[in-house]
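Engineer: What follows is each chain in one-letter form.
Number of protein chains: 2
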Amino acid sequence: MDQSIVIVGDWGGSRLRLWLRQGKSVIHRRDGPGVTALTDSPEKTFLDLVGDWREAGPDYAILCGMVGSRMGWTEAPYAPCPATTGQIAARAVRIEAAGLPVRIVPGLSCVNPLGGPDVMRGEETQILGALSLDAALRSGRHLLVLPGTHNKWAVVEDGQITTFLTAPIGETFALLKAHSTLGAGGGSLAEGSAAGFARGLTRIAEQGAGRLTHLMFETRARQLLEAMTPADAMGFLSGLLIGADVAAARDWFGPMEAVTVIGDGPLAALYVQALAATGVTASAVDGDAAVLAGLSMITRHQDASS
Amino acid sequence: MDQSIVIVGDWGGSRLRLWLRQGKSVIHRRDGPGVTALTDSPEKTFLDLVGDWREAGPDYAILCGMVGSRMGWTEAPYAPCPATTGQIAARAVRIEAAGLPVRIVPGLSCVNPLGGPDVMRGEETQILGALSLDAALRSGRHLLVLPGTHNKWAVVEDGQITTFLTAPIGETFALLKAHSTLGAGGGSLAEGSAAGFARGLTRIAEQGAGRLTHLMFETRARQLLEAMTPADAMGFLSGLLIGADVAAARDWFGPMEAVTVIGDGPLAALYVQALAATGVTASAVDGDAAVLAGLSMITRHQDASS
Numbered sequence: 001m002d003q004s005i006v007i008v009g010d011w012g013g014s015r016l017r018l019w020l021r022q023g024k025s026v027i028h029r030r031d032g033p034g035v036t037a038l039t040d041s042p043e044k045t046f047l048d049l050v051g052d053w054r055e056a057g058p059d060y061a062i063l064c065g066m067v068g069s070r071m072g073w074t075e076a077p078y079a080p081c082p083a084t085t086g087q088i089a090a091r092a093v094r095i096e097a098a099g100l101p102v103r104i105v106p107g108l109s110c111v112n113p114l115g116g117p118d119v120m121r122g123e124e125t126q127i128l129g130a131l132s133l134d135a136a137l138r139s140g141r142h143l144l145v146l147p148g149t150h151n152k153w154a155v156v157e158d159g160q161i162t163t164f165l166t167a168p169i170g171e172t173f174a175l176l177k178a179h180s181t182l183g184a185g186g187g188s189l190a191e192g193s194a195a196g197f198a199r200g201l202t203r204i205a206e207q208g209a210g211r212l213t214h215l216m217f218e219t220r221a222r223q224l225l226e227a228m229t230p231a232d233a234m235g236f237l238s239g240l241l242i243g244a245d246v247a248a249a250r251d252w253f254g255p256m257e258a259v260t261v262i263g264d265g266p267l268a269a270l271y272v273q274a275l276a277a278t279g280v281t282a283s284a285v286d287g288d289a290a291v292l293a294g295l296s297m298i299t300r301h302q303d304a305s306s
Numbered sequence: 001m002d003q004s005i006v007i008v009g010d011w012g013g014s015r016l017r018l019w020l021r022q023g024k025s026v027i028h029r030r031d032g033p034g035v036t037a038l039t040d041s042p043e044k045t046f047l048d049l050v051g052d053w054r055e056a057g058p059d060y061a062i063l064c065g066m067v068g069s070r071m072g073w074t075e076a077p078y079a080p081c082p083a084t085t086g087q088i089a090a091r092a093v094r095i096e097a098a099g100l101p102v103r104i105v106p107g108l109s110c111v112n113p114l115g116g117p118d119v120m121r122g123e124e125t126q127i128l129g130a131l132s133l134d135a136a137l138r139s140g141r142h143l144l145v146l147p148g149t150h151n152k153w154a155v156v157e158d159g160q161i162t163t164f165l166t167a168p169i170g171e172t173f174a175l176l177k178a179h180s181t182l183g184a185g186g187g188s189l190a191e192g193s194a195a196g197f198a199r200g201l202t203r204i205a206e207q208g209a210g211r212l213t214h215l216m217f218e219t220r221a222r223q224l225l226e227a228m229t230p231a232d233a234m235g236f237l238s239g240l241l242i243g244a245d246v247a248a249a250r251d252w253f254g255p256m257e258a259v260t261v262i263g264d265g266p267l268a269a270l271y272v273q274a275l276a277a278t279g280v281t282a283s284a285v286d287g288d289a290a291v292l293a294g295l296s297m298i299t300r301h302q303d304a305s306s
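As they're listed, the protein sequences go chains A and B.
Quick note on numbering: our numbering labels position 41 of the first sequence as 41, and the sequence is numbered without any gaps.
Quick note on numbering: our numbering labels position 132 of the second sequence as 132, and the sequence is numbered without any gaps.
These are calculated hints, taken from the structure and not from any lab test.
One should not assume that every hint holds.
Because identical chains share one entry, a pair is satisfied inside a single copy or across any pair of copies.
[To be verified] Here are the simulated SDA-like cross-link-like pairs (lysine to any residue), alpha carbons at most 25 angstroms apart as the crow flies: (1) LYS177 / GLY34; (2) LYS177 / PRO117; (3) LYS177 / GLY99; (4) LYS177 / SER14; (5) LYS177 / ARG70.
Model the full assembly from the supplied sequences, consistent with the hints where possible.
Structural biologist: Here you go:
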């Protein structure tokens, strides 16, 4: 039975999560800054955080996410789609930090379903993890969604990631909430209300995603004319953006029975609700579980081939 | 012949433009801060700017725009659509500043073509001005567009403003340009390129406005994978947003032969180009000329009825 000790991590733009694993068990977890918030070099930040974990004698560390971008530790060029776990593992970049081998998982590039170029970093590892956790996803054609700043829809076919499509839903919402006049009528940063969200979903379903920007202005007009509360307004805006994203995905993916949502927290729950509103069953996979399973899959492939 | 002296002004959120008129001639023009950038009270700001114009003996001042909102000088409640020049004139609020009568034009509210509430302040005066300047607009059904932070599409039928629809196109573009990762790959604030704009129009026409948010991410992916320049990227993003706005307007307004664009500068030119790309002839009316003509129309109605 494998009892090897490995440090695994998801180092994204806004946060770093590191785990110390022995075999299949997680012994410790530590959090650190994302690559856009570093005050030291990536190497020093990493080594400071790892600290006494070195005493456990880890064989190596493996990291996915923005750490492999130009703004990260070292660039791990995108692997093209379609991509299997083996192909992604084979393209990991190997470096070293104070004697500890470090492997950096590449991101993925593709021609997306709209015929445009697209990129991801970190989500590929979560998708591989979902395949590892759920055998049903490893055969046939499936749609997965990874809610976030740059929301990703991914298609897997017989265990390969064949294509994906990004929409900056979380980023657009955050900008409008923080800086736009749509939030006027109250300076509250309160989370959007459930009632507002449901109303936003209904409006976009009635009018179609092609009218998104025009419906967005209702967020302001309803506050001015109908005394809509700031919490309802922010829920409404969130419902419009997520509803439009889901409608567009249904449009290009075609009929679907089920979608796998990878993530956790309120945002993943909103996607489950938006999918349900269009008659699609969504099953959720925990984001941390997916990234851990994905990093295990990649290391197994690497160890088998090295 | 009317040789009365009047101070007229368009006092919006971001700027104040004041003109001293004698009959139909503009004698002087002065600029000041918008209502969101005031350091003094609206009354003091106004009187300081008017200054020596008082010596010419103006009968009164008339102002349109955000000056009539809750955040302005005094609230002039929205007039409901459909609205004629006479109905708007009748709802002007009358106040006084150091002995000078001041009239504040109300904004308009409506149920917009998507069945939602909508509002405008200032654009109603420009629309009335366009009707005054172009007799052909005073009979039949016409579509007008007023490009800006909150872009307005307005329907006029036999001289009445019957409905309108707002989309926060300029605001969304400015937020994405200033704060989002879509602008990454270069910190340039350069205006978008013409080539990028044309490419954005083509992409949204191919894919449909319902895929706007997904196409937005191409702005980033093309910079990362295809070395798209920042200027092309910002033009591309602008083409997507304006193209989606135009497509949605065509969708609800129905077949149209011509559209009147009220405004000036690069943004109005981009709308003319986007409309031409969908086979619609656009004629442009200068924004300053429209607001001056609109304020004349309103004062004539007021003076006739008072």
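Engineer: Determine for every hint whether it applies to the structure shown.
Structural biologist: Results for each hint:
Taking the shortest alpha-carbon separations for LYS177 and GLY34, both the intra-copy value of 22 angstroms and the inter-copy value of 23 angstroms come in at or below 25 angstroms. Taking identical chains as interchangeable, the C-alpha atoms of LYS177 and PRO117 lie at most 25 angstroms apart only when they sit on different chains, with a minimum of 20 angstroms there against 28 angstroms within one chain. Neither within a single protomer nor between protomers do LYS177 and GLY99 lie at most 25 angstroms apart by alpha-carbon distance, with minima of 46 angstroms and 43 angstroms respectively. When the C-alpha separation of LYS177 and SER14 is checked against a cutoff of 25 angstroms, the pair qualifies both within a copy, at 19 angstroms, and between copies, at 20 angstroms.
When the C-alpha separation of LYS177 and ARG70 is checked against a cutoff of 25 angstroms, the pair qualifies only between copies, where the shortest distance is 21 angstroms, while the shortest distance within a copy is 29 angstroms.
When the structure is compared with the earlier hints, a violation turns up for hint 3 alone.
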